[in-house]
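Asker: Listed here are the chains, written in short residue letters.
Number of protein chains: 2
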Amino acid sequence: MEFRVIKRCKSSKARLGEIVTDHGRLETPVFMPVGTAGAIKGISPEEAKDAGVEIILANTYHLYLRPGHELIEKLGGLHRFMNWSGPILTDSGGFQTLSLSKLRTISADGVTFRSHLDGSTHFLGPETVMEIQRTLGADIIMTLDECAPFGADPDYVHDSVKLTEQWARRCLEERKDNGQALFCVVQGGIYPKLREMSARGLVSMGFDGYALGGLSVGEDKHTRENIIRLTRKFLPEEKPVYLMGVGTTEDIIASVKMGVDMFDCVMPTRNARNGTLFTHKGKLIIKNAQYTDDSSPIEEGCGCYTCSNYSRAYLRHLFLSREILAYRLNTIHNLYYYAKLMSGIGQAIREDRLAEFSHDFYRGEAESL
Amino acid sequence: MEFRVIKRCKSSKARLGEIVTDHGRLETPVFMPVGTAGAIKGISPEEAKDAGVEIILANTYHLYLRPGHELIEKLGGLHRFMNWSGPILTDSGGFQTLSLSKLRTISADGVTFRSHLDGSTHFLGPETVMEIQRTLGADIIMTLDECAPFGADPDYVHDSVKLTEQWARRCLEERKDNGQALFCVVQGGIYPKLREMSARGLVSMGFDGYALGGLSVGEDKHTRENIIRLTRKFLPEEKPVYLMGVGTTEDIIASVKMGVDMFDCVMPTRNARNGTLFTHKGKLIIKNAQYTDDSSPIEEGCGCYTCSNYSRAYLRHLFLSREILAYRLNTIHNLYYYAKLMSGIGQAIREDRLAEFSHDFYRGEAESL
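Each protein sequence line maps, in turn, to chains D and V. Heads up, the first sequence is in this note's numbering, so the first residue is 1 and it goes up one at a time. Heads up, the second sequence is in this note's numbering, so the first residue is 1 and it goes up one at a time.
Hints listed in this document are in silico derivations from the structure and should not be mistaken for laboratory results. Predicted model only: the values in this text are computed from it and were never measured. Among the clues, some could well be false.
Which copy? The list can't say, so a pair holds if one copy fits it or any two copies do.
Stated by the list, open to error - Straight-line Cα separation of at most 30 Å, DSS-like style, residue types lysine-lysine; simulated pairs:
#, residue 1, residue 2
1, K221, K102
2, K49, K287
3, K49, K7
4, K74, K283
5, K287, K102
6, K74, K287
7, K287, K340
8, K74, K281
9, K7, K233
10, K340, K233
Chain D extracted, bound-state conformation (with noise of 0.2 Å):
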């Protein structure tokens, strides 16, 4: 993978840069829509493609449970299972075993945990981890990191931070010279110190991207947000920063602007399933009873499948219905909005007006969405 800066924002930390992997190039600033189970859930990899998605995220922590690493390497790889010919990241499964295993226990080794599926037993450990990760094939994946719970004390998220480092460095040992690029995680939860040295300690190792963890898990924005342009101080210029699980509009656009590269979250994709769709005057829940003889698409001018070709009536009716359908549509019109606004802010960021950019998007008017 390599990754390089192409423009600098004059007025903020924000960069358009360029990644380019074995399955093709993106830009960034990059949303990553989540395809936990080896699919971007109600919708096919062409329709991802057209919705502007140039790479996706898929859960380690989902895949080796089921249908299993092993089987995936065998049929060809995640890519070639999927069917999704661009570019892939996997993360470690570690947060899963934070926030979907009923049991998790910790030690120098790794996780045990307990599967959400059936109740069964696993154990992740660094090396587990890039081995799962590399038999998925994905083109960036993630070290093992522990990422404290919220409201954990210093002392706690201090030893998190250290074991965090140590299974960084494990896996740095593990790493094979086969094209993947290895992101580690940068931990410390609200605690500015904590951060700095989690930053301090993984930069001195080198790695091919930092994350930013164990945010988003319950911490106001303002909180978020200092701990985000602090920690980004001392990570290098030169790779690419990703803040994992973020987010709304608004954070990725700020977010943007402290300097981060890449996002993921499921927020467009579980929104759509449950009738929340993206417009730029704000949400609009379609099951409302205002849009029942609602012939207008979800959003003027939207230029997705969706809005090209169905009125809010005819969504509010499948979704009511419970019709599959519904869930495909909605969720093509919401990924089609991030792309939209990702491209938008990267166009922002090559002509010098991230500034107005902002400005007109919270005042819902951002012309070139």
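We have chain D; now place chain V onto it with these hints.
Answerer: For chain V alone, coordinates are given in the frame of chain D:
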């Protein structure tokens, strides 16, 4: 609507025909997938077209209850509402008052029933179903009929045939000069004399097409085929004949040979959602463990989108993971399979080799599929 017979089979009553509607031309024998609530469950209109679907059936009962026919009319009619530009046939809703409603009271005026959605009481009479179908704007609409419950005695069925005939006459009187073709429904249960009476009565009134109702509701195959064969004799050669709710590929081939032109059934779509896939070597249950690491498509040589891009192993994984994409990919394959069967039958009639086609098909070796 225009119908003409292009070619007659030399070895059976089968015929190759053509139906021309305001929304396009199609060849018979044709299979109509069911788009109950304004969508073929799981797929888009473009996918249906790509899979070879030429005409779809939509259910008046469902659309009347939700979102309501007046709403659909206001939004430009059913074609526009659901973004399907090809021909549509709507049924009268009568059958669903039998199969879905908990209450069903029949009088000379029509049927009173309870909505399966919210228990509310509704009434459908001949005039009502004509008005509903006029507003929906389908290319082919159906008269209201009474489908007698399976096992009904001759006296009941006799009265049912008479009522169906009266309702058909009232539908004919309500007919507008708006280009919609009107089909009636021959009833009579498993009783040859009553089928003959029903057919003669309806044919004397003159409809654009004749449907056979009340079959595939519990009777055995032998009885069904006898009823189709004898009823067909009383229907005019110059009009299309439509066997409602049928069915299996075997039933379709057998019925085509008896002179049936049109079919509809939920089988390919419902089976797809249940993970049962059609192949020329029999049904494939995708969840079965034998497909765990099977890298081959559902069927080698199948040209559908699913078989062109995905392995059995992936489809099994999606199905077990309850991914939305599973239902869609399965549905595309099954509809393609049915469409290929129908075009194969048509080609065989054209080339005077329906007997061979049928023989090969049953042996699971039809090369043209």
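Asker: One pair to classify: K221 and K102, alpha carbons no more than 30 Å apart. Within, between, both, or neither?
Answerer: within (28 Å within a copy, 53 Å between copies)
Asker: Reference check for the pair K49 and K7, CA-CA at most 30 Å: within, between, both, or neither?
Answerer: Intra 25 Å, inter 45 Å, cutoff 30 Å: intra-copy only.
Asker: Within a copy, between copies, both or neither: which one fits K74 and K281 at a CA-CA cutoff of 30 Å?
Answerer: Between copies only: 26 Å across, 47 Å inside.
Asker: My question is about K340 and K233: at a cut-off of 30 Å on alpha-carbon distance, are they close within one copy, between copies, both, or neither?
Answerer: Classified as within: same-chain Cα gap 28 Å, cross-chain 62 Å, threshold 30 Å.
Asker: Which holds for K287 with K102 at a C-alpha limit of 30 Å: within a copy, between copies, both or neither?
Answerer: Result: close only across copies, 27 Å inter versus 34 Å intra.
Asker: Classify it for me, K74 with K287: is the Cα-Cα distance of at most 30 Å met within a copy, between copies, both or neither?
Answerer: So K74 and K287 pass the 30 Å test across copies only (19 Å; inside, 43 Å).
Asker: Checking K287 and K340: alpha-carbon separation at most 30 Å within a copy, between copies, both or neither?
Answerer: within (24 Å within a copy, 38 Å between copies)
Asker: Could you figure out if K49 and K287 sit no more than 30 Å apart (CA to CA) within one copy, between two copies, both or neither?
Answerer: both (27 Å within a copy, 29 Å between copies)
Asker: Using 30 Å as the alpha carbon limit, work out where K7 and K233 are close: within a copy, between copies, both or neither.
Answerer: Within one copy, since 18 Å is at most 30 Å while 79 Å is not.
Asker: Under a CA distance limit of 30 Å, which applies to K74 and K283: within one copy, between copies, both, or neither?
Answerer: between (43 Å within a copy, 26 Å between copies)
In the structure shown, no violation is registered for any of the earlier numbered hints.
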